[in-house]
Each structure stands twice: as C-alpha cells, then as structure tokens.
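Student: So the chains spell out like this:
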Amino acid sequence: MDANKGQDGGRERAFTALVERYQTGLRRVCYAILKDEEAANDAVQETFLKAYRAMDSLREEDSEKAWLTRIAVNTCRDMRRSAWFRRVDRRVTIEDLPLASDAPSEENAELALAILRLPRKLREAVLLYYYQDLTLRETAQALGVSTGTASKRIRSAHARLRDLLEGRGFCE
Amino acid sequence: MNKRQDAEKIRRALDASLSGLQDDPWLAQRVVAAAKGEKKVKKKISVGLAVALVLAMLAATALAVGMMNYFSGFAKLENEYGEYEQWPGSAKVQLVELMLECGMLNDEDTPQWTDDLTGEAKEAAAEEILGAYFDGMIYVDTYNAMVRVLGPIEQWTDEQRVMYTELLEKYGKLTDSWPVFQLPGKDDLTREQAVERAKEALLNVFSLDAEYLDSLPVDALFRAEINEFGLPEDEPFWTVEIGYGDTGHWVHMKRNGEIVALSVPGSSYVYWGEDILDRAKIVEPDEHDATREEAIANARHSLTEVMNLSSDDVDAMTATAQFFYHERYAHGNEPIWLVNWSRDGEILYRVLLGYDGSPIDVEPSGKQFDVTNRTELTLGDLWREQCEGFGFNAALDDRAGGFYYWWSLEDKARLYEVMAPIVAEYAATHPYLSENEPYWQWTRNVSSIPANNAISQEAAFSTAMEAMTEIVGERPDISQVGVFYYTTKSERPEWRFAYRLAGVAIDANSGDILFQKEFSQSYDIGDFLAEIIP
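Taken in sequence, the protein lines are chains A and B.
FYI, the working numbering numbers position 65 of the first sequence as 65, with every residue one higher than the one before it.
FYI, the working numbering numbers position 241 of the second sequence as 241, with every residue one higher than the one before it.
Since the hints were derived computationally from the structure, they do not count as laboratory data.
Virtual Cβ for every residue (Gly too), placed ideally from N, Cα, C.
Among these hints, one or two may not hold up.
Across the chosen pairs, the derived CB separations fall in these ranges [unchecked claim]:
#	chain 1	residue 1	chain 2	residue 2	range
1	B	K173	A	R137	52 to 62 Å
2	A	R137	B	D313	22 to 32 Å
3	A	M55	B	R11	45 to 55 Å
4	B	I282	A	L136	34 to 44 Å
5	A	S105	B	S358	52 to 62 Å
6	A	T24	B	K170	39 to 49 Å
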C-alpha cells in the first residue's frame, strides 16, 4: 500500500508539473482550433485527463509537448464532430478574442486573426509547426498525415500569411 | 522561409491576442481527482448480474417497440386532426395516453395526470404535459416528434429512416422533396462496401490522406430522391458522408457502386471522370483581371513555394494559362485562371488562381483541386465584425423576431445605416460581387422609420394583403409577411410587404400600389427588395 502511495505521489507530482508547463500553450492551440473559449477549456481538461490515464505509454524518446499536442488536436477534432458544435457559427472577429488585460498591437491582432481564419487543416499545421514549435515529423504525426502532406499544408499556410509575416499588413 | 523568425512572429501574435484565456490553477488536481474517481474494479459477472443484464436488454427492446408505436400513433393522429397546433383537446388527451402506454412519458413527468380527471380538466392537463414535453420546439409534427426522441436525422438508424418514409407513404404525405429511404437489397452494395468504395474514390480523385479519412465519422444513406446527378428519381442510390459540416466529404454512387459524383469540404461536386475544362466557359480577361503574364508569374511562385520545386524544375516546364468561369470554382460567380505546367507535352502540375491572380490551389496533374475559392472577407464577415458594436448579434437568425425579413423597421434601418457604406466600398473593389448577395440586396433601397405624414402601416398592410391574396389566390399567413419602409426616393417613400410567394410596394403618401410581383421561388424576395422603383 505504502509503495503504491509513493508511486502515485511521484506520478501526481510529475503530472502536475506537466500541467503547469503546458496548459497555457495547449489552451491557446485548442482555442485557435475550436474558436470557443469554453470548448477550449473543456478540450484542455479532457486532454490532460487522457494524458494522465496514458502517462505510462509516454516513452522517453517522445517529446512531452508533441505527445500532449497530438492528444489535444485529436480531442478538438472529436469535439468538432459533436452534433451541437456543428451548428454554431465559428467565424471569429477581433471582438470575439478572449479579453486580455493589454490589448494586442494592431500587427499582432491582424496576424492572429489571419491564422484563426485559415482553413482548419492549414490552421492546425501552423499551430503545431510554428506555435508549438514541433518538428515536421512531429507535426505530421500529430495531424495523422504524411510528412509530405504536412509540409504542403505548412507551405500553403505560409503563402497565405506571407504578407503579414513579412510586415506588409492587409491594409498597406 | 525562416522557421525561427516566422515562429517567433506567430507566437508573439497568438500569445498577445489570446492572453485573455485564463489558466486553471486547479486543473491538475481536478484531473487527478476525476481520474481516480472513475477507476473501476473489474468484476466477474455474477448470475444475478447476468439476469439483470438480460432484463435490461429486454427493457431496451420493449422501449424500442414502444417508441415505434408512439411515432406511428403520432402520425395517425396527425393524419386525422391535421397540424398539431390545430388539434382539439381530445386529440392531445389521446396523445398523452399513447405516450404513457409507449413509455415516452412516465408518472414522474405527469403528476397532474390522475385517474379522476375528466373532460376539460383532462384536456388542460394534456395541454400542460405536452407543452412541457415539446418545450422549445418551434414546430411539432411526426418528424419533429421523432427528432425529440432520436436526435437529428443523421443520428437515426437506417431502419428508423425507413420507418419515417413508410409513415409518410402510409398517410399520403410523401412529397417530392423528401427522400424515400430504403434498406439495401441482396444485389445492392452493403453499407460497409459503400463506405469502402467512397474512400477509395476520394483518395483516387483528391490529394487526401487515408488515415485522415479513417479518423472521420461516417454516415451512409440509401435512398431514392430527386437528384442533380441524372439518376432516376425512383431508383435508390448510396450517399456516403465522411466527416460533417466543414469536414464533410460526400460521395454519391449507384446502388451497384458505380461512382457518380464526389465533393470535399467547401466545394461543390466533381463528376466522376470529368476534366476541369468539361464545364468551363472560356472568357477573355477584363481590365480588372490579372493578365495572363501575371497569372503565370503567380502560378510559378506557387510551384516553388507550395510544391517546393526549384527554379530549374519550373524553368524546364512550359506554362499555358486559361481564363474561364466554372460553377465549381469561385462560387461560379468569378472567372478563374488555370495554369497548366507541362514537360514534353505532358501536364505535370496545375495551378488555380483567382481572377485577380491570387493563388487558390496547386495540385499534381491527375488530382482535382480541393480548395476552390479565393480566401477573402465576405460581406457576411464584415457584418459580423461590425454588428455587435451596433447592438446586434452576429447570427442574423438570433435577432428577436427571427431572420432579417421579420426584424422591426428600426432594426432594418440600423442594419442599413451600418452596412450601406461597407457594401458600397466592398462593391467598388469587388468587380464580381453577386447581385444575389443578401447584404447587397438589403442595402439597394434606403431602409428608414416611417415619417408622421406617411399612411399607417396598418392601412398599407391591408392594401398589400388584398393584393397578395389576389396574386396568389389565397390569403397569406400574416406571421410570414415581412414589412419594409424605404425612403430611396425621399419625396415618395414606400411601404413594401413580402412573403415567400409575392410582394407588394405601396406609395406611402397616396396608398397606391406602385409595384407587385408573384415569386416563382422564395429567393425572388431578395430581388424584389433590391428593385428600385423609378
């Protein structure tokens, strides 16, 4: 019993550290996929619940971040399939963004909105490859596609965001 | 591309814009508690438990039979008494008794339903019980009674769909617009075979991933209906939907598995075996379109940037560009550029661009385009950006009174005030803006609040109702008639009234009819509102 308790305690500490380290980034990724704050919070909680159950399957050579991101993307996809989610208009405007204490600069808001308005497949690729800084292989694994397809999606997304990334806004 | 610099910009933008999302300090503790709370101990099934399971299965079967009896009984009552809203109290009493008998209601739902109830008291109790049961449903009929129990139709089993079709048929209510669901016969493809065939076809025609398709939910319908694919109306065919809504891939095939048409999210159908030029209407570029040279230069950029080809690879190919309208691309409203890249006479890549030369998609030869429209803000997007600041909800349907047509005159005037300048600016930069675009139609005339000296809405409405009754041959349902007040000609303001079959414009000074029109389809109402009367 005591040994189990000790094992459980170590596991919980490791898990708590995982939550503290990654919940902020994952919440933003989930929001950017689902475009709904409440749904994003649910998705993050569900992601960590799945992660807690499956912690033993995390291999040392796996990146924690890539593993969690993969679970989060799949969780978001499951949520998007649910009947209620399909019936809600998910187009995002600047007023829909979660209220921050400091308003983002125009340049940042413009780029963020452009990312949120990308088609879903391209948006997921940008979030994983650039925002979560996964490698191409990790991005492909998390999206469940070949590296060639992941690469094509990243390049397509980049082409659409190019002007903003190079500092030429839509208004210029 | 420099990943580090781009990633830095993207992280900065998203972190700054999404910093309002709050972390949950108790998340780890709650997840651990939830995970521990749901731990289950595996048990060997005891004889007692096995008996209980059999009883539960029997109860489920009984419930299924009860459910079917309820749907059938509802349809019978509807056939006898007409629309639910018009049912007499005695019919509602019968419905409650049926629902209790079939297990759709139980004693807890119906505390007021006592044995001593009779006459009007019983009818009042039935009204109250059914009011609570159907609470929130806009329209109650057999179909919605089934939806209330089974959920949306996409969640129904094949047998439940067939049952509904049979109920409609039995009571002579099967209309052309409703599919005739059937169960596949022994010579037809099974559901599993149809799904398998659909996935093969999608992978063959589009650049899709098998694993991705496998990860999506699947629905398959076997039914006969009026269709756009040239299939006989009375011959059932398979439609397989892989994914839903904005992830929905559709494949239609004959009952023997011969593929007819396919579509991927956000685009209309590709017919099996067709080439992009088969449905193209070739035109010459106009002054506001990208030139052939610009289109080829942009297409070249797509090949290097998206397909990762080197400049040498591209230089080794020859480009030919065609400019045409095609109903599958750019919503069919705008012409597009197609640039083919060939080597030794063989097309290797195809690049699709908008009329303005903006890239839409690039694919190796042999694959159909799966992105078919330019990415840009629509007037709907612009409305959604503006509306909340003006006290509106983003979804037009959410407004009190329902859709735009039934808004108050004040709300319509407000929408005009917000959108008219936006539409004018948009139209100036979008040469192919469709005249069917609702925001364009709703801002052609100036929506206003009636002046004091205008004839009253009641008087104008009365004239309009008479005129519409004469045009259509029956009196319109008052609740379906939309009211509009235009001051486009300030010296001669006008009332307009319209519903799905007809519209009438009335001079708000004299009360005379200025213009009237019978609609052949409900879309005509938009054209009627956009009409500027000289």
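Student: For this structure, which hints from the list above don't hold up?
Tutor: Hints 3, 5, 6 not satisfied by this model.
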